[in-house]
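2 protein chains.
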Amino acid sequence: MLEAKIPRATSEKKASKRKSQKFSSADALLNAVSELFIERRSLNISLSDIAQKSRLNSALIKYYFGNKDGLLLALIERDASQSLVALNALLEMDSPADRKMRIHIAGIINSYHRTPYLNRLLHYLIGNGETAASKKIANFFVKPVVEAQRAILTQGEHEGVFRQVDAEMFYFSMVGACDHLFFATHSLQPLFGELQVTEDLRRRYTSHVTDIYMTALAKPRNESAS
Amino acid sequence: MLEAKIPRATSEKKASKRKSQKFSSADALLNAVSELFIERRSLNISLSDIAQKSRLNSALIKYYFGNKDGLLLALIERDASQSLVALNALLEMDSPADRKMRIHIAGIINSYHRTPYLNRLLHYLIGNGETAASKKIANFFVKPVVEAQRAILTQGEHEGVFRQVDAEMFYFSMVGACDHLFFATHSLQPLFGELQVTEDLRRRYTSHVTDIYMTALAKPRNESAS
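If you read the sequences in order, they're chains E and X.
Counted from 1, the first sequence has number 28 at position 28 by the working numbering; the numbering is strictly sequential.
Counted from 1, the second sequence has number 112 at position 112 by the working numbering; the numbering is strictly sequential.
I should point out that these hints are in silico values taken from the structure, not numbers from a laboratory.
Careful: at least some of the hints might be erroneous.
The list makes no distinction among identical chains, and a pair is therefore deemed to hold if it is satisfied within one copy or across any two copies.
[Stated by the list, open to error] Okay, derived cross-link-like pairs now, EDC-like style, lysine to aspartate or glutamate, Cα gap no bigger than 16 Å in a straight line: (1) Lys135 / Glu194; (2) Lys53 / Asp27; (3) Lys135 / Glu77; (4) Lys143 / Glu194; (5) Lys136 / Glu77; (6) Lys143 / Glu168; (7) Lys219 / Asp166; (8) Lys143 / Asp27; (9) Lys68 / Asp27; (10) Lys68 / Asp166; (11) Lys135 / Asp69; (12) Lys68 / Glu194; (13) Lys135 / Glu39.
Starting from the given sequences, assemble the full structure and let the hints guide the process.
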């Protein structure tokens, strides 16, 4: 047994130190990747770029994350979990469903705007056809969002302000609608002369997507009285 | 697509023969890639896979398309141009705007469904950060679609059936909405137990996206009479 070889008295302290070192090095690697993505506006970074930025040996990537894709998956997990915390707080709010839905739509667009690489990274990891990565993304990111939206839609139906829509299809169309401006950056230059989504474009897009979905969800006035 | 450099001194007959050979070999390469993408449900194909499938030397890829990305860009151009022909025919139709918009939405979803690799390929080429490829995609694909949608939206406003919406933002949100089910295939399995978009899911999604956008576009009844 491996355990028997380590004296108990010292192992706890050592394990604790090792654990905190692990987390700080792993975090340093994640921060380095995040900063490089934002600086370069590209996913084209090498292991040695990450090593240089984090001042850590690139062998640590293999140690903590298995490979570069494992590191990227961990970065998505970290960034997406911030959005999920906000989403859970939204669900707990004592507010009418239409207000929650407006906040949710703006929240999705803001998180794509705040973390401009998130979307490309998600697309890159999925595009790679890595089944394990795809399943992980579905479980930690997609399912909670689908459930949260279903809860808001149901609340809105009970309050008599939303008509019934297909909640699962709603997830795909609404997230796709929020996502596309930030993904299709190739279209920004010819259409708006901008190379990235400016603050003004973000506001204009939020206003448009909110308008489309809130109008589409609203129960017609003559029906809401019934 | 890269034009092959043909010496000026060649006779017209020779040039014509070479031109038709060029087109048939180039087409054979494009067909091979398209078939491989559909067979394998993946973008992971090598130059030697393409050579084997097309029974042509892989050096011809470099000759006709510069490199593999050039070949992929030409494939997108070919497949997207079929959709653009259909879109132009739609614009010429003597039909009310709401009917045109319904056909347009179903058409976008159908083209993603018919050519399942189109979307991943577009995402792959854009994700590569190839500025030349991104610009080409914007010019041959995005601009014509934006203009077509603007024409249908304007027609609908004149006919008194559509309210005014932000036509440029509409392009991004609507195409994003149509696109996401086919891109986010990682979410299909956990949500529906399906590994790809079935005929039934396609119909359900078309019905949902059409419902959302047609409801959102409709001029409220009390206003349409004014």
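Numbers of the earlier hints that this structure fails to satisfy, in rising order: Violated hints: 8, 10, 12 and 13; rest satisfied.
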